[in-house]
Every structure is written in structure tokens, then in C-alpha cells.
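Asks: Now for the letters of each chain:
There are 2 protein chains.
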Amino acid sequence: MTRELTALAETLADAGRDGYLIDADWEDPNQLYLSGFTGPDPFLTVYADGRTHLLVSGLEYARAKRSSRADVVRRHAEYDFQYGGREERLDMYAAFLDDVGVESVLMPARGPIETADGLRERGIDVAIDREDALTALRAVKTDAEVDRIRAAQRATEAAMAAAESLLADADVDDGTLVHDGEPLTSERVREAIEVTLLRHGCASAETIVAGGAQAADPHDRGSGPLAAGESIVIDVFPRDTETKYFADMTRTFAVGDPGDTLREWYDRTLEALEAAVDAVEPGATGEDVHVAACEVYEDAGHPTLRSDPETETGFVHSTGHGVGLAVHEPPRLSMDAGELEPGNVVTIEPGLYDPDVGGVRVEDLVVVTEDGCETLTDYPKRFVID
Amino acid sequence: MTRELTALAETLADAGRDGYLIDADWEDPNQLYLSGFTGPDPFLTVYADGRTHLLVSGLEYARAKRSSRADVVRRHAEYDFQYGGREERLDMYAAFLDDVGVESVLMPARGPIETADGLRERGIDVAIDREDALTALRAVKTDAEVDRIRAAQRATEAAMAAAESLLADADVDDGTLVHDGEPLTSERVREAIEVTLLRHGCASAETIVAGGAQAADPHDRGSGPLAAGESIVIDVFPRDTETKYFADMTRTFAVGDPGDTLREWYDRTLEALEAAVDAVEPGATGEDVHVAACEVYEDAGHPTLRSDPETETGFVHSTGHGVGLAVHEPPRLSMDAGELEPGNVVTIEPGLYDPDVGGVRVEDLVVVTEDGCETLTDYPKRFVID
Numbered sequence: 001m002t003r004e005l006t007a008l009a010e011t012l013a014d015a016g017r018d019g020y021l022i023d024a025d026w027e028d029p030n031q032l033y034l035s036g037f038t039g040p041d042p043f044l045t046v047y048a049d050g051r052t053h054l055l056v057s058g059l060e061y062a063r064a065k066r067s068s069r070a071d072v073v074r075r076h077a078e079y080d081f082q083y084g085g086r087e088e089r090l091d092m093y094a095a096f097l098d099d100v101g102v103e104s105v106l107m108p109a110r111g112p113i114e115t116a117d118g119l120r121e122r123g124i125d126v127a128i129d130r131e132d133a134l135t136a137l138r139a140v141k142t143d144a145e146v147d148r149i150r151a152a153q154r155a156t157e158a159a160m161a162a163a164e165s166l167l168a169d170a171d172v173d174d175g176t177l178v179h180d181g182e183p184l185t186s187e188r189v190r191e192a193i194e195v196t197l198l199r200h201g202c203a204s205a206e207t208i209v210a211g212g213a214q215a216a217d218p219h220d221r222g223s224g225p226l227a228a229g230e231s232i233v234i235d236v237f238p239r240d241t242e243t244k245y246f247a248d249m250t251r252t253f254a255v256g257d258p259g260d261t262l263r264e265w266y267d268r269t270l271e272a273l274e275a276a277v278d279a280v281e282p283g284a285t286g287e288d289v290h291v292a293a294c295e296v297y298e299d300a301g302h303p304t305l306r307s308d309p310e311t312e313t314g315f316v317h318s319t320g321h322g323v324g325l326a327v328h329e330p331p332r333l334s335m336d337a338g339e340l341e342p343g344n345v346v347t348i349e350p351g352l353y354d355p356d357v358g359g360v361r362v363e364d365l366v367v368v369t370e371d372g373c374e375t376l377t378d379y380p381k382r383f384v385i386d
Numbered sequence: 001m002t003r004e005l006t007a008l009a010e011t012l013a014d015a016g017r018d019g020y021l022i023d024a025d026w027e028d029p030n031q032l033y034l035s036g037f038t039g040p041d042p043f044l045t046v047y048a049d050g051r052t053h054l055l056v057s058g059l060e061y062a063r064a065k066r067s068s069r070a071d072v073v074r075r076h077a078e079y080d081f082q083y084g085g086r087e088e089r090l091d092m093y094a095a096f097l098d099d100v101g102v103e104s105v106l107m108p109a110r111g112p113i114e115t116a117d118g119l120r121e122r123g124i125d126v127a128i129d130r131e132d133a134l135t136a137l138r139a140v141k142t143d144a145e146v147d148r149i150r151a152a153q154r155a156t157e158a159a160m161a162a163a164e165s166l167l168a169d170a171d172v173d174d175g176t177l178v179h180d181g182e183p184l185t186s187e188r189v190r191e192a193i194e195v196t197l198l199r200h201g202c203a204s205a206e207t208i209v210a211g212g213a214q215a216a217d218p219h220d221r222g223s224g225p226l227a228a229g230e231s232i233v234i235d236v237f238p239r240d241t242e243t244k245y246f247a248d249m250t251r252t253f254a255v256g257d258p259g260d261t262l263r264e265w266y267d268r269t270l271e272a273l274e275a276a277v278d279a280v281e282p283g284a285t286g287e288d289v290h291v292a293a294c295e296v297y298e299d300a301g302h303p304t305l306r307s308d309p310e311t312e313t314g315f316v317h318s319t320g321h322g323v324g325l326a327v328h329e330p331p332r333l334s335m336d337a338g339e340l341e342p343g344n345v346v347t348i349e350p351g352l353y354d355p356d357v358g359g360v361r362v363e364d365l366v367v368v369t370e371d372g373c374e375t376l377t378d379y380p381k382r383f384v385i386d
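Residue numbers (UniProt numbering), protein chains in the order written: chain V, 1 to 386; chain A, 1 to 386.
Be careful, since some hints might not be right.
Identical copies look the same in the list; a pair holds intra-copy or inter-copy alike.
Claimed, not checked - In silico lysine to aspartate or glutamate, EDC-like type, Cα no more than 20 angstroms apart, as pairs:
1. Lys244 / Asp49
2. Lys65 / Asp99
3. Lys244 / Glu329
4. Lys244 / Glu27
5. Lys381 / Glu271
6. Lys381 / Asp336
7. Lys65 / Glu78
8. Lys244 / Glu206
Hints were generated in silico from the structure; no laboratory data involved.
Isolated chain V (complex conformation):
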């Protein structure tokens, strides 16, 4: 039993429940973490008495026995379930829990209503895990997990280099970037990034390459021709296709002179990034780190969500988030966020946005250590490509 699952046993003891139940497919990071299994359809995982039990369909049985982290793997046929409907499926779940020997379970808050209600109707005591114990466990990485994130980060850097070299090789024609005789578009840069990711064992379909006013919306993926002198935000957050761990990095570039306003924004953003990284240490809160970034911006006269909760320009998001089996997970670096501890892996990603100016964001990935933090990102910060 690993360190992490010992902590899960304590959560169950504190809650006075017999087992921890997840009903989800592998895309749910808690399911992947607890089961170690990439079943494409929803399956049950129960952790009880120091052991992990899986219930899968016959199609998944051999693979689950071979590749999952579970101590016990059972299959639907053991419960004579094959073509049954909802009620028969819930009967099977209740019988499986009986075999595991649990009468009461905790389920994650976002677990399925039908399973919770159906098990309650069958006499199982189902409570919501309000502490979100598995997500909290996932927030503290082992050295092996940090290494998996590092590997994904190396792929991310290779992809960013491919993007930067496209920008550096571009010519300017009437204000538009041109490469190999064609307008250089967000789509073309994104393709170069994602192909490079694939060649490094990672995948992403959500990469952001956004210039001009598009860069002012932090969630706009970007489309169409890129222009000289505008800021171009490139945010790459791929998943390693083998380990399933994510990395995350953002750089902002401008080809040709971006003007004084964007230059000031970029300098302030690097300053905010540095202040936030300096604030990261065990015992500091996510709020401390966020405030460190906000203060740099506010001192320079930029609005932040802290100074004006209604603002739509300035620093309109939090300073960062955990990264692991999910690209967004605890800890958060925002107001009211709790204490950091060694093994947390978080992004630090301050930025400024205004549709009339553009967007600037710079993002590094750090791991909290015993006495501060270590930056996992190894990529230069160059704004203007002349």
C-alpha cells in the first residue's frame, strides 16, 4: 500500500465509512489515479481495508488484470450481468459492494447521481466526499510523478521551439506574417506544435495560438492570419500519451515592434511571474502567491480581479493551478487558496488582457520543494522577434 492510499484509509476512518467508490471512465483523473486503469467505459473502483477492487466488463477483464493497479478484478459475468438495464446494473453494483464487504461508501462530489441514488435504494449508505480526498492526494506528487511531468514538459518545450522558429522565419507582407509564401496563421503554428508533441509522445488538441484581440481572451484558441507588431500568446498544455500526465507552458511573442504599451505589459508580467515564484514555499498559501503577482500589477496601475472583481481588462484570472493527471487540479493559486506543500506542481502564469491592446501571458511550471520551489520549465523568455 503506497503512502497516498494510506491517507485515503485515514479519510475513510474519519468519515466512518467502509469504502471509497468511484464510478467513472479513465478520463476521470481520480479514477485513473486510484485504479491505474484506462478503461474507456465507466467502471467501478472500490478502495476498502487497504485493497483496491475493480468491476469491469468482460471485454476489459484481461487487460484490467494485467495492467491495473487493483488487488482484485471482478467482471460483470460473475454477477450474471450482460444485457441488463439500469436496475440490473445497480443490482450488480450492490452485489459487488457486498462481496467487497462494504455497507457504506464515500463517493466524489461529481460522481453520478444515478449510482448514488440507486445504491441508497439498495441499502448502501452513500455520502459525498466533501474533502475531495483523492484530488487532495493527487495534488502532492511523488518524485516519480514529477519525473513524468518533467518528461511532458520537455516535449512542450520542443513544441514551443517549433512555433518560435516559425515566427522567427516569417517575413512581413503588408503587416501580415508570411511563411513559405503563405500567410502564417494560428492554425499553421498550432499544427507545427501538435505534430512536434506527437513526435515526443504527447498529444494536445487545445493548444492556444492567439494574436491581437484574440489574445485578449485567455480561452480563445486563435484563428486566422497572424500580424506583425501584435502580441501572440502561445499556450501549450499536452498530455503524455503513455503516462497520462500533463505539462503546461505559455510564452508571448511579437514579430516586429509591439509598441510601448505591450512592452510595458510584458515587463510587468515577467516581474509578476518572478514575484509569484519567489513567494512559493511550503506554508505559503496559494493566496500569498496570487497576491504577490497582483501587487506587481496593481502597483503599476493595472486592474486585477482582486482590486476590481468586475474588471474585464487587466489581470483577469488567477495566478496558477496544479498540474498532474488533470491539466487543472489543486492547488489553486487564487484568493482563499490554502497552504502549499512539498510535491505540489503548479503553474505560475500572470497575464494582462484588453481587446484594444491584446494579451500577454508568460507561464512557467514549478514544483514546491522543502525550502522553496524548483522551476521545471527550461525555455527562454523572449518577447520581441526582430
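Position chain A against the provided structure of chain V, taking the given hints into account.
Replies: The following block gives chain A in isolation, referenced to the frame of chain V:
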């Protein structure tokens, strides 16, 4: 109001509920279908009185107003919610439902327990949508949706061609396939497929390229060197990154002589595919189509899940599934599956498996028409590459 949402209104009327509530991020296909919005964090969508209402964070507000399918978009700040915890969030949800004017809702069976329990505590009547109305709506595609699937299918075919040409160009060295002086591995063929998909506007990180005994497990993605004479199953099911619709196709190849057993399996599989496609028409059930495929195999002496529910060799899965905003969705082509109707898009993918022999699967995609079906797949079926 579109045809589909009229049907959702009927579901609500039948259930005697005011609204249909989804709490999910865009990766939930029902959320994507109803909201038309790709919010990366969970958000609320309520359909009531012929109108769709969204509740999103401030960060998503502008993009939701611009790009979602909703009639009304509200943001957290309207409810003074910014840094609140679970209870404050549930209070906001209840206030939002009050603004929409609903006191009772249907939620999908896999909606989050916490939202259901929390709204019940706040006096909202929450019932599970046991009919799975939105998923049922999604199963019947409009012509525009079929066109999006066709576009993804064209990308899939380009990717399969890239894979097939790698196999065709390979040399054999001591039984192993060799390309450009390196062993040709599952990983290398998968990379060629996924790079081609990206260049055609699609993405996938789960492509199957599995040879030998690996091909005998329908969910094994495959790894390591590919060998001459073994069957190599290639299953490509990418998502269009813009429209979010999937396609799905499988071909099986052998480089050099696969021997009589695999040749017989391949012929039987084409026969089963043809029999199943012939059975597809409005009014036929998914079971009819599945039985058509099973009968071909059973008549030739191969076990199927129909003839032996415990079998681990032979035809060990169903004949197919719907494809749309999810890669697996209704209708199912399996025992107890209901009637097909025009606009259903389904895979037809019979196969045979035995670790001692290998695996064979061939998969086309068809759309049910008024009087039969149209095959959306335009790719040859060649088993042996000499």
C-alpha cells in the same frame, strides 16, 4: 427552436418537470450539444420553456455570449459569487434556477451527486432523466451533423492511407518489418496516423495499431515491432478539432502470408460486415444487425458472445455503436438494442480474436437512410500486402 430541442420540451412535459439541467464541462457530449459551448470548467445549462440558459464564470462570459447556442448567458458575478465554497456555489445554482423560473428539473443519470443533493436541500425537485433524452436526440443526426462526420471520416481515410503505405513500403528482416532501416513499430505507424490526422484538422491520442497477440485484445493500443505474417489491426477514431464530431474506421492488414486461419477469419469478417450492413434499415433493431453478423460467424463455427456469453475468443464484442459528439453513443448494435431510425450514424465492426492466432476487425461507418443505409467510409479493404 430546432427540431431536436422541441423533442426535449416533450420529454420535460411527459416527466412533469420545468427544466433540463446539465452541470458538466464541454467534454460531456450532452453539455456540448445543448449549450454549443466549449467551456473547459463545469458550467450549468438549463433548458426551459423553449430557451437555453447558461451560467458561467466571468472568464468565460464574453466567449459564451459570442459563441454558445444559449439564448441567455449569466455569470457568477451576478450572484456575488467569486471565491465561495461548495455551499455558496449551490446557493448560486438555486438562485440561477429561480431566475430561469424552474422549481423542478431533470438531470442526466451521470450528472454530479453533489449538485443533485444540494439542489434538493434547497427545495428544487431533482429527478434523473431515465430516458436519457439528450443522448437519444443526439443519436439522430441532421444532415449538417452527418456532413461533419463525413469530414472527419475523410481525415480518417487519409490517416489510414499513411499507415497502409508505411506497411506497403516495409521490408522484412528475419520476420520483423523494417522501414528506412529501423524496425517498424506500432508507435511509428501510430505517429504517422496521428500526424496525418492533425494535418486534416482532427486529433486522436488513442489510435490502435496492434499486431499478433496484441491484436487479439480489442482495446490493446499496441506497442513494439510489427512482424511479417501477423494480422495488424488499425483502428482510427479521431475527433474534428473544430466541429468536435468523431469518425471511426478499422482495417486489418498482413504483410506477407498470414496463413490459412487468418485468411479464413478475414473472409468471414467481410461476410459478417456485409450481412450486418444489409440488415441496417429503419425499423430494424440494433439486435437484428448484431444477429446478422453473429450468424455468419456461428455458421462457420466461431464462438460469439451470443452463442457463449463466457467466451474469450471469437466475436467477443458487439457489432457496432453510434458515433457523433461521442465516439461511443447510441444506438448500440447488440442484443436487446432497439429500433434504428433515419439519421442514426453507426459503426459496423465485426471481428475475431484469439491470443494464439491474432485479431481481425474491419469497420465501416454507415448512416441510416429512409430505405436502408449509406456507407460513409470510402476506403478499400485489402488484407494481405505482398
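Asks: Determine for every hint whether it applies to the structure shown.
Replies: Hint-by-hint comparison with the structure:
no., hint, verdict
1, Lys244 / Asp49, "neither (27 angstroms within a copy, 42 angstroms between copies)"
2, Lys65 / Asp99, "within (18 angstroms within a copy, 50 angstroms between copies)"
3, Lys244 / Glu329, "within (14 angstroms within a copy, 24 angstroms between copies)"
4, Lys244 / Glu27, "both (10 angstroms within a copy, 17 angstroms between copies)"
5, Lys381 / Glu271, "within (12 angstroms within a copy, 60 angstroms between copies)"
6, Lys381 / Asp336, "neither (30 angstroms within a copy, 59 angstroms between copies)"
7, Lys65 / Glu78, "within (15 angstroms within a copy, 50 angstroms between copies)"
8, Lys244 / Glu206, "both (16 angstroms within a copy, 11 angstroms between copies)"
Of the hints listed earlier, those the structure fails to meet are numbers 1, 6, in rising order.
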